[in-house]
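Listed in order, the protein sequences are those of chains Z, L and B.
Just so you know, this note's numbering puts 67 at position 67 of the first sequence, and the rest follows in order with no gaps.
Just so you know, this note's numbering puts 55 at position 55 of the second sequence, and the rest follows in order with no gaps.
Just so you know, this note's numbering puts 61 at position 61 of the third sequence, and the rest follows in order with no gaps.
Watch out, some of these pointers could steer you wrong.
Mimicking DSBU-like on lysine-lysine, the simulated pairs with C-alpha atoms at most 35 Å apart in a straight line are [said to hold, decoys possible]:
| hint | chain 1 | residue 1 | chain 2 | residue 2 |
| --- | --- | --- | --- | --- |
| 1 | L | LYS95 | Z | LYS52 |
| 2 | Z | LYS21 | Z | LYS75 |
| 3 | L | LYS2 | Z | LYS51 |
| 4 | L | LYS143 | L | LYS73 |
| 5 | L | LYS143 | Z | LYS52 |
| 6 | L | LYS95 | Z | LYS21 |
| 7 | Z | LYS75 | L | LYS73 |
Derived coverage of chain B by chain L (criterion: at least 3 residues anywhere in the stretch with Cβ under 8 Å from a Cβ of chain L; other residues may be distant) [claimed, not checked]:
| hint | stretch |
| --- | --- |
| 8 | 17-23 |
| 9 | 59-70 |
These aren't lab readings, by the way, just hints derived from the structure by calculation.
Note that CB positions come from ideal geometry on N, CA and C, so glycine has one too.
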Amino acid sequence: MSIFIGLLILCLFLCLYRVGKGPTAPDRTVAIDIVGTLVVGFCAIYSIITKKDLYMNIGLSWALLSFIGTLALAKYLEGRGFDE
Amino acid sequence: MKRFLHFLILLGIWLALTWSLQWQEVLAGVIVALLADLLLGDIFPIGSVKVFYPIRFFWMCVYTVVFIWYVIKANFDVAYRVLNINMPIRPGIVKVRTRLKTDMARTFLANSITLTPGTLTVDMTGDHLYIHWINISSEDPEKETELIVGHFENLLERVFE
Amino acid sequence: MNETIGMTLLVVGITFDIVGCIGLVRLPDIYNRLQAATKCVTLGTALILLSVVFYTGFNAIGVKALLCIWFVLMTAPTGAHAIARAAHRSGIRLWDDSVMDKYKDDSEGSEDN
Chain Z
1 MSIFIGLLIL CLFLCLYRVG KGPTAPDRTV AIDIVGTLVV GFCAIYSIIT KKDLYMNIGL
61 SWALLSFIGT LALAKYLEGR GFDE
Chain L
1 MKRFLHFLIL LGIWLALTWS LQWQEVLAGV IVALLADLLL GDIFPIGSVK VFYPIRFFWM
61 CVYTVVFIWY VIKANFDVAY RVLNINMPIR PGIVKVRTRL KTDMARTFLA NSITLTPGTL
121 TVDMTGDHLY IHWINISSED PEKETELIVG HFENLLERVF E
Chain B
1 MNETIGMTLL VVGITFDIVG CIGLVRLPDI YNRLQAATKC VTLGTALILL SVVFYTGFNA
61 IGVKALLCIW FVLMTAPTGA HAIARAAHRS GIRLWDDSVM DKYKDDSEGS EDN
């Protein structure tokens, strides 16, 4: 199992490279969104290892919260209010 | 009636999340589902309840199978383009018309297009969808897009309209 | 038996995750990056969550994993759609070798839209 965690951390570093390099702000936003989805994968693997549903709860709430964060960032980039 | 169906859906989700039938848990679920239904029931999308008619539910299952098949195909397509050294991509944005009317059906259509091979919904104004293609291969991309959109439209029309 | 299926799903899912992240680094502009990243990482994470169902069985963890698959499949395309629209409206052009951009042609006529 630990090799899968290692591979996911490799994915995280690829995303962080795009966060650091990304020439424009939406590039960074995409990378942050992908990091949010990868964290759900981390939680799933931890719940396989420990057999506790605690990690799955974290994954569920993380999926929803990172979605709301992405929407807020997208609206901010669009340069208009939240009323739409 | 509509409110009662919402209440049942919410209570079902609560019971699936807690996964125990102790009376305290069920009581808390009933109270929370009732509150959420009374406060937010008006902004709940109307079309979602229609899915539970038997015929629509059958078409929903057909749609799910087709959708999963397209998603798997899309992933192998993207993997081929990303891992190829020459990166065979010819991106562009095309415009296509949809004949679906309800919001729920349009949401599902846009999400399905995003997860199918080589396409991404960028915006929707009125009846028109703007779709980003990763690889415009044919001479007439609009026609090709209409094929994909029409395929999902036929299924979604049976589910939601 | 269930462990074998779960392990296979886990390996395939993580392979797709890695392919998606490589696409995020390699592809030339934001729209193509969104395509690769959204599709591959969404399916990869969904497969990892499905492998949780096979490993632990149909109990509290498995049901939560199934709900989580549903959330991820619903929210990821919507987020991608929001970012793509925001990028286009904030003035980011397509890659230089792109073939056509109907959206730009249409929106230049009515800037207040």
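* When the hints from earlier in the document are held up against this structure, which numbers fail? -> Violated: hints 1, 3, 5.
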